[in-house]
Amino acid sequence: MTRHIRNFLFFGLMSLAIWQLFEGGYIHAKAWLAQHLIHATWQKKVSHNDVTPPWPGADMHPVARLTTKKGDVDLMVLSDTSARTLAFGPGHMAGTTIPGDYGNVVMSGHRDTHFAFIEHLKDGEQLNLEISSGDQKTYEVVGSKVIHQREIEVALETGDDRITLITCYPFDSLIPGGPMRYAVIARALPQPYLKI
Amino acid sequence: MQSPSSGSWRYTQIPQKTIITDGLKGLFISIGVGLTTATFLFATTLALTLIAGAANAEELNDLQKTSSGSLLVKNAQTGEYTPTPTLATEVEIDVSGMLSRTKVSHKFQNNSKDWVEGIYVFPLPDNAAVDRLRMRIGSRIIEGQIKEKKVAKKMFHEAKKSGKKATLVEQERSNIFTTSLTNIAPGESITVEIEYQNILDYREGIVRLRFPLVVAPRYISGREHDALNAPYNVRNAGQDANRISPPVIDESEPKRNFVNLSINLDAGFSIANIQSTNHDIRKKKITDRKYTIQLASDSVPADRDFEVTWRSAPNAMPSSAVYTEIKGDKHFSLITLFPPTVQTEPDARLPRDVVFVVDTSGSMHGSSLDQAKNALTMAVRRLTKNDRFNIIQFDDKTKALFDRERPASNKNLKVACQYIEALTADGGTEFAPALGAALNDEVKTGRIRQIVFITDGSIGNEDQIFSMIKSRLGANRLFPIGIGSAPNSHLMTKIAEYGRGSFTYIGDISEVAMKMRELFNRLENPIVTDITTTWPKHFNVDITPEIVPDLYQGEPLVIIAETDNFATGSLQISGMLAGKEWSRNIDLDTQTNQQGIGQVWARRKISEHMGSLRGGAPEDKVRKAILNLALEHSLITKYTSLIAVDITPSRTTEFMYRQRIPVNLPSRWSQAKIFGTLPQTATLSSMHLMLSALFSLLALACFVRQKTYSKARAK
Numbered sequence: 001m002t003r004h005i006r007n008f009l010f011f012g013l014m015s016l017a018i019w020q021l022f023e024g025g026y027i028h029a030k031a032w033l034a035q036h037l038i039h040a041t042w043q044k045k046v047s048h049n050d051v052t053p054p055w056p057g058a059d060m061h062p063v064a065r066l067t068t069k070k071g072d073v074d075l076m077v078l079s080d081t082s083a084r085t086l087a088f089g090p091g092h093m094a095g096t097t098i099p100g101d102y103g104n105v106v107m108s109g110h111r112d113t114h115f116a117f118i119e120h121l122k123d124g125e126q127l128n129l130e131i132s133s134g135d136q137k138t139y140e141v142v143g144s145k146v147i148h149q150r151e152i153e154v155a156l157e158t159g160d161d162r163i164t165l166i167t168c169y170p171f172d173s174l175i176p177g178g179p180m181r182y183a184v185i186a187r188a189l190p191q192p193y194l195k196i
Numbered sequence: 197m198q199s200p201s202s203g204s205w206r207y208t209q210i211p212q213k214t215i216i217t218d219g220l221k222g223l224f225i226s227i228g229v230g231l232t233t234a235t236f237l238f239a240t241t242l243a244l245t246l247i248a249g250a251a252n253a254e255e256l257n258d259l260q261k262t263s264s265g266s267l268l269v270k271n272a273q274t275g276e277y278t279p280t281p282t283l284a285t286e287v288e289i290d291v292s293g294m295l296s297r298t299k300v301s302h303k304f305q306n307n308s309k310d311w312v313e314g315i316y317v318f319p320l321p322d323n324a325a326v327d328r329l330r331m332r333i334g335s336r337i338i339e340g341q342i343k344e345k346k347v348a349k350k351m352f353h354e355a356k357k358s359g360k361k362a363t364l365v366e367q368e369r370s371n372i373f374t375t376s377l378t379n380i381a382p383g384e385s386i387t388v389e390i391e392y393q394n395i396l397d398y399r400e401g402i403v404r405l406r407f408p409l410v411v412a413p414r415y416i417s418g419r420e421h422d423a424l425n426a427p428y429n430v431r432n433a434g435q436d437a438n439r440i441s442p443p444v445i446d447e448s449e450p451k452r453n454f455v456n457l458s459i460n461l462d463a464g465f466s467i468a469n470i471q472s473t474n475h476d477i478r479k480k481k482i483t484d485r486k487y488t489i490q491l492a493s494d495s496v497p498a499d500r501d502f503e504v505t506w507r508s509a510p511n512a513m514p515s516s517a518v519y520t521e522i523k524g525d526k527h528f529s530l531i532t533l534f535p536p537t538v539q540t541e542p543d544a545r546l547p548r549d550v551v552f553v554v555d556t557s558g559s560m561h562g563s564s565l566d567q568a569k570n571a572l573t574m575a576v577r578r579l580t581k582n583d584r585f586n587i588i589q590f591d592d593k594t595k596a597l598f599d600r601e602r603p604a605s606n607k608n609l610k611v612a613c614q615y616i617e618a619l620t621a622d623g624g625t626e627f628a629p630a631l632g633a634a635l636n637d638e639v640k641t642g643r644i645r646q647i648v649f650i651t652d653g654s655i656g657n658e659d660q661i662f663s664m665i666k667s668r669l670g671a672n673r674l675f676p677i678g679i680g681s682a683p684n685s686h687l688m689t690k691i692a693e694y695g696r697g698s699f700t701y702i703g704d705i706s707e708v709a710m711k712m713r714e715l716f717n718r719l720e721n722p723i724v725t726d727i728t729t730t731w732p733k734h735f736n737v738d739i740t741p742e743i744v745p746d747l748y749q750g751e752p753l754v755i756i757a758e759t760d761n762f763a764t765g766s767l768q769i770s771g772m773l774a775g776k777e778w779s780r781n782i783d784l785d786t787q788t789n790q791q792g793i794g795q796v797w798a799r800r801k802i803s804e805h806m807g808s809l810r811g812g813a814p815e816d817k818v819r820k821a822i823l824n825l826a827l828e829h830s831l832i833t834k835y836t837s838l839i840a841v842d843i844t845p846s847r848t849t850e851f852m853y854r855q856r857i858p859v860n861l862p863s864r865w866s867q868a869k870i871f872g873t874l875p876q877t878a879t880l881s882s883m884h885l886m887l888s889a890l891f892s893l894l895a896l897a898c899f900v901r902q903k904t905y906s907k908a909r910a911k
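Taken in sequence, the protein lines are chains A and B.
Quick note: the first sequence uses this note's numbering, first residue 1, plus one each step.
Quick note: the second sequence uses this note's numbering, first residue 197, plus one each step.
Calculated from the structure, these hints are not laboratory results.
One should not assume that every hint holds.
[Unchecked claim] Footprint (simulated), chain B over chain A, 3 or more residues, beta carbon under 8 Å:
hint: 1; region: 36–42
hint: 2; region: 68–79
hint: 3; region: 103–116
hint: 4; region: 172–182
[Stated by the list, open to error] No more than 25 Å apart at the CA atoms, straight line, and that leaves these computed lysine to any residue pairs for SDA-like:
hint: 5; chain 1: B; residue 1: 907; chain 2: A; residue 2: 7
hint: 6; chain 1: A; residue 1: 45; chain 2: B; residue 2: 876
hint: 7; chain 1: B; residue 1: 526; chain 2: B; residue 2: 741
hint: 8; chain 1: B; residue 1: 345; chain 2: A; residue 2: 9
hint: 9; chain 1: B; residue 1: 581; chain 2: B; residue 2: 635
hint: 10; chain 1: A; residue 1: 44; chain 2: A; residue 2: 132
hint: 11; chain 1: B; residue 1: 610; chain 2: B; residue 2: 582
hint: 12; chain 1: B; residue 1: 349; chain 2: A; residue 2: 131
hint: 13; chain 1: B; residue 1: 907; chain 2: A; residue 2: 9
hint: 14; chain 1: B; residue 1: 349; chain 2: A; residue 2: 7
hint: 15; chain 1: B; residue 1: 345; chain 2: B; residue 2: 335
Cβ coordinates follow ideal geometry from the N, Cα and C atoms, glycine included.
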């Protein structure tokens with residue numbers, strides 16, 4: 001009798017464990033797969049100016065490609081920062097400078113998937129931003145800070161040429177939706193935009 | 197050198213509470229990890245949890261260090277600082293009767309040591325016909341040419357690559373333009389002059405001239421609305437959001453982009469009263485009908501729209517006017533007719549259903565919401581016993597006072613006033629669902645259904661809204677009221693046009709009472725309907741608007757016609773006025789030759805073509821029609837741009853940098869309320885994985901218990 005209950009409990013708990021594993025894994029799988037598909041779209045966009053969506057019915061599009069000099073990160077930055085878009089990749093915050101232009105280009109991404117790496121960015125590390133024309137720009141990390149989500153000053157123009165990467169903070173909090181954010185600032189290295 | 201705003205990096209302390217919870221969690225995970233190692237069933241879970249656990253332990257150390265000071269705030273290395281180009285704007289407006297010609301000069305100054313390219317976003321009145329571009333470099337002037345948009349872009353890129361100075365003016369929305377400039381030498385300044393023609397707004401005896409000075413940061417709707425069944429371009433609602441949302445100057449910094457403005461006014465009748473809504477002005481009388489007007493302080497920052505109004509001296513207003521322009525073998529006539537005023541008894545009014553829709557999004561925060569509340573309260577009090585009403589508020593959600601329209605009884609009105617008083621502003625601007633809710637009901641026979649909506653109109657996905665109105669208007673009539681320092685009057689005017697209503701702009705709280713009285717006179721009084729025009733027989737005419745809209749009390753009828761013959765004979769206009777047939781004859785013979793009517797005619801035609809595009813007309817056909825009109829009349833449109841290219845290259849070997857020129861936030865807007873908060877950037881994945889580990893632990897415990905139990909039993 002008790003043995004049956006124990007068995008039932010054991011398999012019940014096991015199914016719960018598998019279900020949660022699947023739920024957690026799904027988020028990572030989606031984040032990974034979407035980036036792969038968008039990468040393929042980006043190549044076409046850069047080389048043939050082809051703008052087919054990454055998958056049928058996709059309502060966002062890549063605006064830039066963010067890589068580290070070390071080569072361990074290669075991310076497609078998407079056109080907005082809605083929750084739906086961020087599941088597929090980091091997003092460019094609307095109203096801030098367009099990737100590639102002079103100004104403050106603000107991008108944000110999930111702390112537990114795409115933007116997990118920004119926690120480990122050190123001063124002096126170099127980041128590369130490629131835009132759809134194929135132009136590239138190199139940035140150097142100059143600092144990071146913890147801010148409240150209301151401190152939107154970080155997203156405003158500062159007069160210099162920089163990118164700001166934003167993710168949620170603390171990095172390992174279990175429940176999403178906290179008010180703190182972590183921002184990494186990287187300045188553009190002096191570089192020509194166009195030479196004859 | 198570091199820029200002022202980046203100089204003040206804040207050292208944020210990590211709240212103590214976070215560290216404690218994180219510490220506990222780390223401990224919990226470590227125990228979890230230790231125990232789970234034994235479980236062979238969940239090797240995968242294990243691996244993932246282990247990695248998470250290791251990372252957490254490291255993080256814990258970091259956090260403990262942080263709480264004492266500044267580890268997470270790294271030094272702000274001094275980077276090369278390049279000052280952004282500055283911009284000064286000069287506006288000269290020539291008014292002649294109901295027409296105005298405006299010259300806008302933007303002077304770009306490159307203060308840096310490098311060659312730069314600049315892009316600047318600027319607004320113009322919604323019916324502006326931009327037909328001229330000049331680029332001034334020192335004493336040299338280069339005239340712009342009208343080209344198909346693609347061709348112009350190509351020319352610009354070629355100039356850029358070969359080091360030649362070039363200016364490209366493009367239309368982004370019908371009232372938002374961008375100027376791109378390339379190859380500006382270090383320390384050099386370039387002046388870009390554009391000219392446009394437009395018709396002034398006349399209503400209730402007041403002529404209104406507006407010059408927009410601000411492109412408000414727009415809320416670009418991120419969601420699609422399925423209820424919409426809109427055929428045109430819905431998916432792309434906000435795809436060009438980047439281009440029309442310029443960088444904004446930090447609130448704490450001084451305002452930039454100064455403007456100088458002057459008007460030469462020839463009203464065509466004796467002027468009684470000249471007033472400016474948002475700025476102090478200086479006026480100088482030349483004759484009864486001629487004045488010059490200037491801004492009182494020489495330069496004001498471009499952070500609120502300029503509006504000046506004037507009215508005619510008693511009985512000085514003519515009942516109709518005809519102006520003609522002769523352009524080659526074509527003749528363009530501008531006909532203005534002021535219908536007579538009719539008073540009616542209040543009892544004779546038709547009972548109305550009125551739905552008030554009010555924008556309570558973040559951008560309305562502050563005095564805009566106060567104005568809206570005032571206007572709403574006034575509007576609700578004007579309702580009579582026979583009327584029914586409802587109030588809908590929207591930000592990124594839509595809420596209504598009642599489930600359907602209710603009679604304007606004392607009790608319901610009291611509830612409504614309390615509801616209005618309690619309105620607060622926050623969040624995004626999702627206009628489409630609110631409009632959908634307001635348009636939703638069927639119109640009962642014998643009642644007029646009017647939708648009055650109050651917004652500051654910073655809404656980006658305009659096409660989506662227009663197609664919704666077009667497909668679902670029925671017998672509803674829309675009356676947008678624009679509020680605050682920079683409403684999107686293109687959007688509002690179009691909504692009024694498609695919604696067969698009218699647009700009211702309230703610039704200041706002191707105007708609320710007067711403007712609302714005007715609007716309600718219009719809503720409650722009879723109108724001229726079913727208007728038709730009859731032209732002399734030998735004429736071959738192309739008129740705009742093709743379908744003459746209903747006329748509300750105090751509004752003039754403005755018709756522009758292209759004819760192939762000299763305008764002789766008379767034009768008959770007829771319709772229904774207060775239930776009776778009514779007609780007027782207008783003599784077309786005129787001696788006055790007025791420049792610019794052709795442009796205004798073409799601009800209206802183009803606008804009609806764009807409208808048919810929203811109604812589902814094939815794009816290549818519309819494009820062709822617009823291209824013909826635009827190239828002939830030299831107008832900037834969605835498909836054509838003005839471009840000026842220098843002949844000789846000026847940059848030879850140097851590098852060039854690219855810059856965008858930031859704009860001021862409209863006066864009285866608060867930054868935090870517009871942008872809201874920084875995006876949410878975390879998922880539930882680690883919680884799911886944690887729970888998975890927890891459940892597998894419990895299952896393991898269960899399993900172990902079971903084994904020991906069976907062993908005991910066996911013994």
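| Given pair status - residue 9 (chain A), residue 907 (chain B), alpha carbons within 25 Å | holds, 19 Å
| said: Check whether the Cα positions of residue 581 (chain B) and residue 635 (chain B) lie no farther apart than 25 Å. | reply: holds, 23 Å
| field | Within 8 Å of chain B's CB atoms, at least three CB atoms from the region 68–79 of chain A: coverage verdict | value | Not satisfied, violated; 1 residues make the cut.
| task | Please work out if residue 45 (chain A) and residue 876 (chain B) have their alpha carbons no farther apart than 25 Å. | result | violated, 29 Å
| query | Given the hinted pair residue 345 (chain B) and residue 335 (chain B), is their alpha-carbon gap at most 25 Å? | reply | violated, 28 Å
| For the region 36–42 of chain A, does the count of residues with a C-beta closer than 8 Å to a C-beta of chain B reach 3? | Coverage by chain B is violated for the region 36–42 of chain A (0 residues, Cβ < 8 Å).
| message | Does residue 7 (chain A) sit within 25 Å of residue 907 (chain B), going by the straight-line distance between their CA atoms? | response | holds, 16 Å
| query | Straight-line Cα separation of residue 345 (chain B) and residue 9 (chain A) no greater than 25 Å? | reply | Not OK: residue 345 (chain B) and residue 9 (chain A) at ~70 Å, beyond 25 Å, violated.
| request: Would you mind confirming whether the straight-line C-alpha gap from residue 610 (chain B) to residue 582 (chain B) stays at or under 25 Å? | output: Holds, because 16 Å separates the two Cα atoms, which is no more than 25 Å.
| field | Three-residue Cβ test at 8 Å for the coverage of the region 172–182 of chain A by chain B | value | holds (count 10)
| task | For the pair we were handed, residue 349 (chain B) and residue 7 (chain A), check the Cα-Cα distance against 25 Å. | result | Violated: residue 349 (chain B) and residue 7 (chain A) sit about 73 Å apart, past 25 Å.
| Holds or violated: are the alpha carbons of residue 44 (chain A) and residue 132 (chain A) at most 25 Å from each other? | holds, 10 Å
In this structure, the hints that do not hold are numbers 1, 2, 6, 8, 14, 15, in rising order.
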